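**Q** Listed here are the chains, written in short residue letters.
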Amino acid sequence: MITTIGVNSRAGCEFIDITAEIKKIIAEANIHSGVCHMYVPHTTAGVTINEGADPDVRRDIIAALDRVFPVDGDYRHAEGNSDAHIKATLTGSSAVVFVEDGKPVLGTWQAIYFCEYDGPRKRKLMVRIVQDR
Amino acid sequence: MITTIGVNSRAGCEFIDITAEIKKIIAEANIHSGVCHMYVPHTTAGVTINEGADPDVRRDIIAALDRVFPVDGDYRHAEGNSDAHIKATLTGSSAVVFVEDGKPVLGTWQAIYFCEYDGPRKRKLMVRIVQDR
Amino acid sequence: MITTIGVNSRAGCEFIDITAEIKKIIAEANIHSGVCHMYVPHTTAGVTINEGADPDVRRDIIAALDRVFPVDGDYRHAEGNSDAHIKATLTGSSAVVFVEDGKPVLGTWQAIYFCEYDGPRKRKLMVRIVQDR
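Protein chains in written order, with this note's numbering: chain A, 1 to 133; chain B, 1 to 133; chain C, 1 to 133.
Calculated from the structure, these hints are not laboratory results. Please note: incorrect hints may appear among the correct ones.
It does not matter which identical chain is used: a pair holds within one copy or between any two.
[Stated by the list, open to error] Result set (DSBU-like, lysine-lysine): computed pairs, CA atoms no more than 30 angstroms apart in a straight line:
id, residue 1, residue 2
1, K122, K103
2, K124, K103
3, K103, K23
Bear in mind the structure is a predicted one, so any value in this text is a computation, not a measurement.
Just chain A, with the same shape it has in the complex (with noise of 0.2 angstroms):
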């Protein structure tokens, strides 16, 4: 079963934590073990893993990746999002977490972000687990 959730960002770049309605998704699936894959069905966007504590650390990935593929480069696609794209490949359109105990495994300073890189937008993430046998 995939379940898509909604996701609503308010800036050309951003990055949304998603880590409470992945808990939910996986709570409800009553799964005990297993992986939980979550994919993006956009190609100027994207999904990671990274700290949840400082949100200095989002700001600092986004304003790095602004800096190497800033929007304004020599591009010829003519919508103007190429950067998003490119971010999009470089960040990946899923992720993993293992699931045990009907929760992700996370470390301690982890948190799962939508990675927005054309916003604002309405958007949508999937989710598929695959149980352990």
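Mind docking chains B and C on chain A? Use the hints.
**A** Here is chains B and C on its own, set in the frame of chain A:
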């Protein structure tokens, strides 16, 4: 079961659309729903999911990676393809798509690309589908 | 079942070859075929698959990432390791290899690396194998 497809690249850096091949493998696997894993057994190539409509998107991703990680950088690896190894790690050696009704669940603009970073070469991509219980 | 391996890094940035450990875990799992997931529960480290033959490849990847995302950049995160968080997101917190005949299906030149970006530290990598039906 692992299904292997051959990919023949014709340029040094090239994103090759393999969406049709992946669709065919999924259809022939006769699996209703699950997770389709794609794996690149090379160290100077990768796999990514990005826009399929405008070829300039692919061109812009490749050009941006070339600008930031140039072929002629300050490298020690004697084979002269360190940039390709770097791009391979940043792209990733695997990707997933969900399977539903015997088809990949892709977003409207998504296509699956084999990313050649040190071509032209004869390459392989391996596919395994984990079926839902 | 999740199997956890310990990784002790000895440098600030270091790719540590964990191929032998992963092979051992797969062999001991007594699973004929499936997908082996590797997961890093840290926010300044990652996991990648790249060339195992020439150590200069690892050196060149690390040096290129350091050049583009330097330790002393224009960052706000007070801990001084923003570059490591950036590299972690670009590398990814997970990787997969297929399993066949109780062994990982790796390409000729492929090795599996734990990517330390903020060492030296005692680290962990978690492994779960999803068995084919």
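**Q** Work down the list of hints and note, for each, if the structure agrees.
**A** Now for the hints, and whether the structure bears them out:
1. In the homo-oligomer, the alpha carbons of K122 and K103 lie at most 30 angstroms apart both inside one protomer (27 angstroms) and across protomers (25 angstroms), since each shortest distance falls under that limit.
2. Within a single copy, K124 and K103 get their C-alpha atoms as close as 22 angstroms, and across copies as close as 19 angstroms, so both meet the 30 angstroms cut-off.
3. With identical chains, the CA atoms of K103 and K23 are at most 30 angstroms apart both within one copy (6 angstroms) and between copies (27 angstroms).
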